[in-house]
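K.L.:
Chain residues, written in single-letter form:
Protein chains: 2
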Amino acid sequence: MTNAFKPLEREPAYLKVFKAIEARITDGSLKDGAFLPTEGELCDQFGVTRSTVREGLRLLEQTGLIVRGPAKKFYIRRPDSADIAAAASKSFALGGVTFREVWDTLASFYPAAAKLAATRLSDDDIAQLKAVRAALEAAGAKDHEATVAGAVEFFQHIARGLDNRVMLALLQSLNLMIGESLRHVIAGAPQAKDRISSAQEKLIEAFEAGDEVRAGEWMAKHIDDLKRGYDVAGVDLNEKI
Amino acid sequence: MTNAFKPLEREPAYLKVFKAIEARITDGSLKDGAFLPTEGELCDQFGVTRSTVREGLRLLEQTGLIVRGPAKKFYIRRPDSADIAAAASKSFALGGVTFREVWDTLASFYPAAAKLAATRLSDDDIAQLKAVRAALEAAGAKDHEATVAGAVEFFQHIARGLDNRVMLALLQSLNLMIGESLRHVIAGAPQAKDRISSAQEKLIEAFEAGDEVRAGEWMAKHIDDLKRGYDVAGVDLNEKI
DNA sequence: GATTTTCGTATTGTCGGACAACCGGAATTT
DNA sequence: AAATTCCGGTTGTCCGACAATACGAAAATC
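Heads up: the sequence lines are chains A and Y, in that order. Numbering-wise, the first sequence is residues 1 to 241 according to full-length UniProt numbering. Numbering-wise, the second sequence is residues 1 to 241 according to full-length UniProt numbering.
Hints are supplied without guarantee of correctness; some may be wrong.
[Said to hold, decoys possible] The list that follows gives simulated cross-link-like pairs (lysine-lysine, DSS-like), each with its CA atoms no further than 25 Å apart:
1) Lys90(A) <-> Lys142(Y)
2) Lys130(Y) <-> Lys31(A)
3) Lys227(A) <-> Lys240(A)
[What the hints assert, rightly or not] What follows is a list of derived Cβ distance ranges for each label pair:
4) Arg78(A) <-> Asp163(Y): 44 to 54 Å
5) Asp32(Y) <-> Ile126(A): 41 to 51 Å
6) Ala20(A) <-> Thr26(Y): 42 to 52 Å
7) Asp80(Y) <-> Ala82(A): 18 to 28 Å
Just so you know, the hints here were simulated from the structure itself, not pulled from any lab data. The beta carbon of each residue, even a glycine, is placed where N, CA and C say it ideally should be.
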């Protein structure tokens, strides 16, 4: 019997609202920065009640497609890499990934990123890296927070300098995760600051020289070094983040 | 004047509902698979109306923390890598990233992943890779869909075999994005299937031998080859996905 | 005339109640 | 025992309402 009726999926109205608005954002008819109509107007346009519209708006909100502007009105915003990264790392945390998984990923991906960085970082990017390193040097040896911040910021600037939003988002979500775990490591590893700083120095040199191979090698060493800090600090790599 | 009052953030009740439930999921007091109370019960417990509760539920729903079960009831589910990947790649699409960005990322990250795969894939994983390749071989030369599917599935299995959820999610979101773009390339590149298949063969050999270096090299070649297909197909790499 | 104050209005956040549609399971029939 | 019917619980949607807030314009002040 071929003339059976289709499953007839009924889709809740709030989902339709969500998809309708989402579609108009993706196809560009609602441009970035434009204000969304008020809830009341949306009710009229969609022919549903405010409760329903509001449920749809909550979906858009969580997706990151709209944010609250002045006067509480919503406006359109395409999610940027930072949002993607934040959402991803949050999900990871919920999923209970281990330190080992994060570090393994770092060790695999960042050397490759460093290679690319050697060919792609601008003079300005490199200057910023130097600034980050200088700030790290200036910080007190016992200032663990500054050490963590310096290490993470260095990664951040490299990711940003790659001029690639996909890579940026992926690396940023890693950066968010290592920030937390580095804190544990550094407090328990005495000369962490010096080792980090000297690795950064070598990396900057490689970037300046445009030396891909050296950049990749030093990044690998740098990360390996950070990871080794776990043993020193006595942290179990299989612990959940 | 230092004693000014701070902005005094008042957060909407629906956000509190969201955070409250989210917290109980993350801290484990609501376990994976458990059913959420009904909307009515939540109203009683939180002391708010259903409209409010429902807005909170929509947030949880979009975050991927809860899904609908039988009888429409919600149950708890920790987002897995596929969800993270899907969400991320969707956001990327909205952000209007270019093919070039995706391919650059592929070219940077996948060779590193292949190296790891050489040391980590189980015999079972490799058997599956062989199966994927066999299916690709069996497909007709003109069956572009099968070719795309074969190429993407090969990537998928590698990612899954790495035994690392973070890497899996990141690579999966890349896989989702290349699927679409590969379709364009392959239709316009005659011997794409053969080249893909032979690259897969070399990769499998390297994986079996546990030869990291060779695996990385062939993966780099493989991706480079796919990318070159763009020229042949006449696709502009700077086009948005 | 420029600045401050006041005030009205639009919008959001929340409420309470209402009803149809739907699902699952119990009660009933066959 | 199997199929059918029925019923209560739950969701999806609607309506109407109100307080709180934020904005912009009108009014008052200097």
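K.L.:
State, for the Cβ atoms of Asp32(Y) and Ile126(A), whether the hinted interval 41 to 51 Å holds or is violated.
P.N.:
With a Cβ separation near 46 Å, Asp32(Y) and Ile126(A) satisfy 41 to 51 Å, so the hint holds.
K.L.:
Sort out whether Lys240(A) lies within 25 Å of Lys227(A), counting only the CA atoms.
P.N.:
Satisfied, since the Cα-Cα distance of roughly 15 Å is no more than 25 Å.
K.L.:
Do the Cβ positions of Arg78(A) and Asp163(Y) conform to the proposed distance bound of 44 to 54 Å?
P.N.:
violated, 34 Å
K.L.:
Can the restraint linking Lys130(Y) and Lys31(A) be considered satisfied, given a maximum Cα separation of 25 Å?
P.N.:
Violated, at roughly 46 Å.
K.L.:
Taking 18 to 28 Å as the hint, is the beta-carbon distance of Asp80(Y) and Ala82(A) inside that range?
P.N.:
holds, 23 Å
K.L.:
Using the Cβ atoms, figure out if Ala20(A) sits within 42 to 52 Å of Thr26(Y).
P.N.:
Check failed, 32 Å falls outside 42 to 52 Å.
K.L.:
Would you check the hint for Lys90(A) and Lys142(Y), treating anything up to 25 Å between C-alpha atoms as holding?
P.N.:
Given that 25 Å is the threshold and the Cα spacing comes to 43 Å, the pair is violated.
In terms of the numbered hints stated before, the structure departs from hints 1, 2, 4 and 6, listed from lowest to highest.
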